[in-house]
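S.K.: Line order of the protein sequences matches chains A and B. Heads up: the first sequence at position 34 corresponds to 34 in our numbering, and the numbers run straight through without jumps. The number in our numbering is simply the position in the second sequence, starting from 1, with 1000 added.
Calculated directly from the structure, the hints in this document are not laboratory data. Just so it is clear, the structure is predicted and the values come from calculations on it, not from any experiment. Don't be surprised by glycine CBs; every beta carbon is placed ideally from N, CA and C. What you were told as hints is all true, and nothing was included just to trick you.
Just some of the chain B residues that point at chain A, by a computed CB distance under 10 Å:
| no. | residue |
| --- | --- |
| 1 | Lys1021 |
| 2 | Leu1059 |
| 3 | Leu1062 |
| 4 | Ser1081 |
| 5 | Ala1082 |
| 6 | Arg1084 |
| 7 | Ile1086 |
| 8 | Leu1089 |
| 9 | Pro1090 |
| 10 | Arg1094 |
| 11 | His1096 |
| 12 | Asp1097 |
| 13 | Trp1098 |
| 14 | Leu1099 |
| 15 | Gly1152 |
Spelled out, the chains give:
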Amino acid sequence: MKAAIIAQLTFREGLRKKLVLGVILLSLIFAVLYVWGFHLFVQDWRAMEAQRQSRGATTILPYEVFASAMVLLGLWTVNFLAGVMTIFAAVGTIASEIEQGTLHAIIPKPIHRWEIVLGKWLGYAGMLAIYIGVMVAIVTMTARFIGDYRPPNILQAYGLILLVAFMLLSLTMLGSTLFSTVANGVIVFMLYGLAITGGLVEQIGTALDNDILVRIGVIVSILVPSDSMWRLASYLVQPRIAVNFLGPNPFGTTVPPSSLAVWYSIGYTVVLLLLAMARFQRRDL
Amino acid sequence: MTSGALPQCSDWAIETYSLRKAFGDRIAVADLSLTVGYGEVFGFLGPNGAGKTTAVKMLVGLIRPTAGTGRVLGRPLGDHSARRQIGYLPELFRFHDWLTGEELLDLHGKLYGLSRAERRRRIPEVLELVGLAEAARRRIRTYSKGMQQRIGIAQALLGSPRLVILDEPTSALDPLGRRDVRDLIRRLRADGVTVFLNSHLLSEVEAICDRIAIVNRGRVIALGPMSSLLAGDLAVEFRLGALPDGTLHALERLIQVDAVQHGERPVLIARAADEAAVAHAVDLLVRAGVPVYGVIPERRSLEDLFVQLVSDEQAESG
Chain A
1 MKAAIIAQLT FREGLRKKLV LGVILLSLIF AVLYVWGFHL FVQDWRAMEA
51 QRQSRGATTI LPYEVFASAM VLLGLWTVNF LAGVMTIFAA VGTIASEIEQ
101 GTLHAIIPKP IHRWEIVLGK WLGYAGMLAI YIGVMVAIVT MTARFIGDYR
151 PPNILQAYGL ILLVAFMLLS LTMLGSTLFS TVANGVIVFM LYGLAITGGL
201 VEQIGTALDN DILVRIGVIV SILVPSDSMW RLASYLVQPR IAVNFLGPNP
251 FGTTVPPSSL AVWYSIGYTV VLLLLAMARF QRRDL
Chain B
1001 MTSGALPQCS DWAIETYSLR KAFGDRIAVA DLSLTVGYGE VFGFLGPNGA
1051 GKTTAVKMLV GLIRPTAGTG RVLGRPLGDH SARRQIGYLP ELFRFHDWLT
1101 GEELLDLHGK LYGLSRAERR RRIPEVLELV GLAEAARRRI RTYSKGMQQR
1151 IGIAQALLGS PRLVILDEPT SALDPLGRRD VRDLIRRLRA DGVTVFLNSH
1201 LLSEVEAICD RIAIVNRGRV IALGPMSSLL AGDLAVEFRL GALPDGTLHA
1251 LERLIQVDAV QHGERPVLIA RAADEAAVAH AVDLLVRAGV PVYGVIPERR
1301 SLEDLFVQLV SDEQAESG
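Just chain A, with the same shape it has in the complex (with noise of 0.2 Å):
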């Protein structure tokens, strides 16, 4: 199949434009950051717990809770980091290869426009999955190594961080095929952060039991389910006393989404990239 030429040529640009490098970069500054960080939090665990116990008094909390609030914290970024990739590395994927020209040629040649679109995705889809594999790994790691400690469900929380970057990936190759480059950079980016933003109301809303607040979480998250996967992720990444502990906050919860929400978010991404298929299809060049 062509796609898979188009999807070679998006990924080896990918490994060879500095943008890459760029994420690269700021990845190896976070992994350290991250490693750093970890090491810390239990030195001072260490010595609070020996404190304590020379008082004689009895641990409050269990370390796991802790110590999955580092795990949340360093997914947390690996999450929002893969949704910022996402959208810088596809924003431009149809749109300014239109305004450079560098599609014309390509085109005319027996390859189905349809094709190039799939392509660029699975390019930049394969790159995702690699680089949040790395990223997912190097917390796992850090967590066991360095905090002795083996974060649930790693896996799903993986695929659905995945998940998250797809859906922004399908999202911004649609705009692409349909706004100019900075246009479409300042409408993913908008409709990313509004994502966001329904999540904490509809957090804010679970915590003062209001409803409203809740629904408008609720809508937002159908018009970008990305946050609302990324809390589905965390829910099942901590253990169930962590979670009870933490509640309501900015980088979990305690209301997952429903497995109908996980299908959502799928159908939503084949969607959203059918569209981007059909458009670019109809589009003069």
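Keeping the supplied structure of chain A fixed, place chain B upon it in accordance with the hints.
M.R.: Chain B in isolation, oriented as in the chain A frame:
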């Protein structure tokens, strides 16, 4: 204005019927009907903004026509099965400049569906053909504009196409590069390849094209073999010795005298129906004892024709 009997549809490499493209209110191509025969080198001319590039983009499927139909290599516009046989150099050629020349051709070879073996054989061939063999392993980013145009031409020829559509292929080339492209097009013609050439450079078109179309405001205003479009009256300048009035009158029966510069050595500007008429006129002058110092035929150039047609149109509508 096609020559000869009306041919079968499949006799044309390109045929369009009343192609039209409007972008909102702006009409880029109003009504484009033309035919290009197999094996021809076809020149597509027109002033800036005449809709040439839009027309070319419709031929290769980058733009969908608003109305009208067309066929390329016997297949409807944008059809997939014809694409394997079409090579196209876009006007604004920009390639993925982080690839090397060789990698770019490998990519386009894959898009054409060439096997690994075919690519391995064909890529050095086309690189040689456009004179880029030395630069094959350099990133395209480091290429000069002319080299980028050459790699664009290489990409268009990669699939050994039956039809090559070149949109301004020499815009970035120096005179030597232009000559190379002219030679290349001649070689393609010798191989039986149809070449559709969109160019501003009238001298270039004049030198290599068999047939041409001139478009203005999205319409074809002239279409036909170069020789017959440039034919018509033959302009001749006669440089003579003393010319008696009687001889001038006799001469006027053979050729149309437009102007006479009297003097010791009169100069006559005249138009003849053909070369035979010029020969008769010379014969008459010699018999009448008029010294003939020179007979200079003035071939009408493509530029003359172009300027005349386009400015006539402008004047009519203005």
